[in-house]
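Undergrad: Read in order, the letters of the sequence shown are residues 44 to 217 in this note's numbering.
Just so you know, the hints here were simulated from the structure itself, not pulled from any lab data.
Computed from a predicted model, the values in this text were never measured in an experiment.
We put the CB at the ideal spot given by N, CA and C, even for glycine.
Errors might be hidden in some of the hints.
As the list claims (entries may be wrong) - Simulated restraints, written as ranges between beta carbons of each label pair:
(1) Val55 - Gly208: 24 to 32 Å
(2) Leu209 - Leu131: 28 to 36 Å
(3) Tyr66 - Arg110: 15 to 23 Å
(4) Ser148 - Leu209: 39 to 47 Å
(5) Ala61 - Asn174: 37 to 45 Å
(6) Gly162 - Gly52: 29 to 37 Å
(7) Arg110 - His206: 15 to 23 Å
(8) Thr69 - Leu157: 39 to 47 Å
(9) Thr173 - Arg110: 18 to 26 Å
(10) Ser62 - Val217: 23 to 31 Å
(11) Pro165 - Gly208: 46 to 54 Å
(12) Gln177 - Leu209: 16 to 24 Å
(13) Gly145 - Thr56: 18 to 26 Å
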Amino acid sequence: MTSAPITPGASVTDRLVASNAAYAKTFTDPGMDARPVQKVAVVACMDARLDLHAALGLELGDCHTIRNAGGVVTDDVIRSLTISQRALGTRSVVLIHHTNCGLESLTEDFRHELEREVGQRPSWAVEAFTNAEQDVRQSMQRVRTSPFLVEANDVRGFVFDVHSGLLREVDPAV
44 MTSAPITPGA SVTDRLVASN AAYAKTFTDP GMDARPVQKV AVVACMDARL
94 DLHAALGLEL GDCHTIRNAG GVVTDDVIRS LTISQRALGT RSVVLIHHTN
144 CGLESLTEDF RHELEREVGQ RPSWAVEAFT NAEQDVRQSM QRVRTSPFLV
194 EANDVRGFVF DVHSGLLREV DPAV
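Let's have the full structure, built from the sequences with the hints guiding it.
TA: Structural data, given as structure tokens:
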């Protein structure tokens, strides 16, 4: 990873922009198109502890990566998967939740708290869960039953262990 000199008092965003400028100096266009080489889309939690490319042995251009809080399949994830499949040729979907997820400590009351604080109720659900495996099953079901996806049967779900780095496959039938 290329890093730029850190200016005292610089914000995180300033440091990111400076790092990008250093990166761009040695950047070479890889000549890729937007279609993933492995024809796979990975849906995972946004947790900073998950280095998906390293954990899955993926390289730049191998997959589409869709991340959100919890790695939950929401309407927006279905939108992204639909574009990934129908416009860009992916065929497989891999869903990854993880142990010790922050969504396990939240409830839908979070929406009520936000409403009290800002005076407006969010239109979206928190999608909190207490059992990562069960939520992976629910997410697999959402993908499999979406009328918008062409390859809804090639869907597998996993829970990533943040302490061991291992994936554990979730049986959709349990």
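Undergrad: If a hint holds in the structure, say so; if it doesn't, say that too.
TA: To see whether the hints hold, each was checked on the structure:
Taking the beta carbon of each, Val55 and Gly208 are about 27 Å apart, inside 24 to 32 Å as hinted. A hinted range of 28 to 36 Å holds for the C-beta pair Leu209 and Leu131, which are about 30 Å apart. Under the hint 15 to 23 Å, the C-beta atoms of Tyr66 and Arg110, about 21 Å apart, fit the expected range. Ser148 and Leu209 have their C-beta atoms about 23 Å apart, which leaves the hinted 39 to 47 Å range violated.
Taking the beta carbon of each, Ala61 and Asn174 are about 42 Å apart, inside 37 to 45 Å as hinted. The hinted range of 29 to 37 Å is satisfied by Gly162 and Gly52, whose Cβ atoms lie roughly 34 Å apart. Checked against the given bound of 15 to 23 Å, the beta carbons of Arg110 and His206, roughly 20 Å apart, stay inside it. Between Thr69 and Leu157 the Cβ separation comes to about 43 Å, which falls inside the hinted range of 39 to 47 Å.
The hint said 18 to 26 Å for the Cβ distance between Thr173 and Arg110, and at roughly 21 Å that hint holds. Checked against the hint of 23 to 31 Å, the pair Ser62 and Val217 fails, with Cβ atoms roughly 44 Å apart. Against the hinted window of 46 to 54 Å, the Cβ-Cβ separation of Pro165 and Gly208 comes to about 34 Å, which falls outside the hint. Under the hint 16 to 24 Å, the C-beta atoms of Gln177 and Leu209, about 19 Å apart, fit the expected range.
The hinted window of 18 to 26 Å between Gly145 and Thr56 holds, with their beta carbons roughly 23 Å apart.
In this structure, the hints that do not hold are numbers 4, 10, 11, in rising order.
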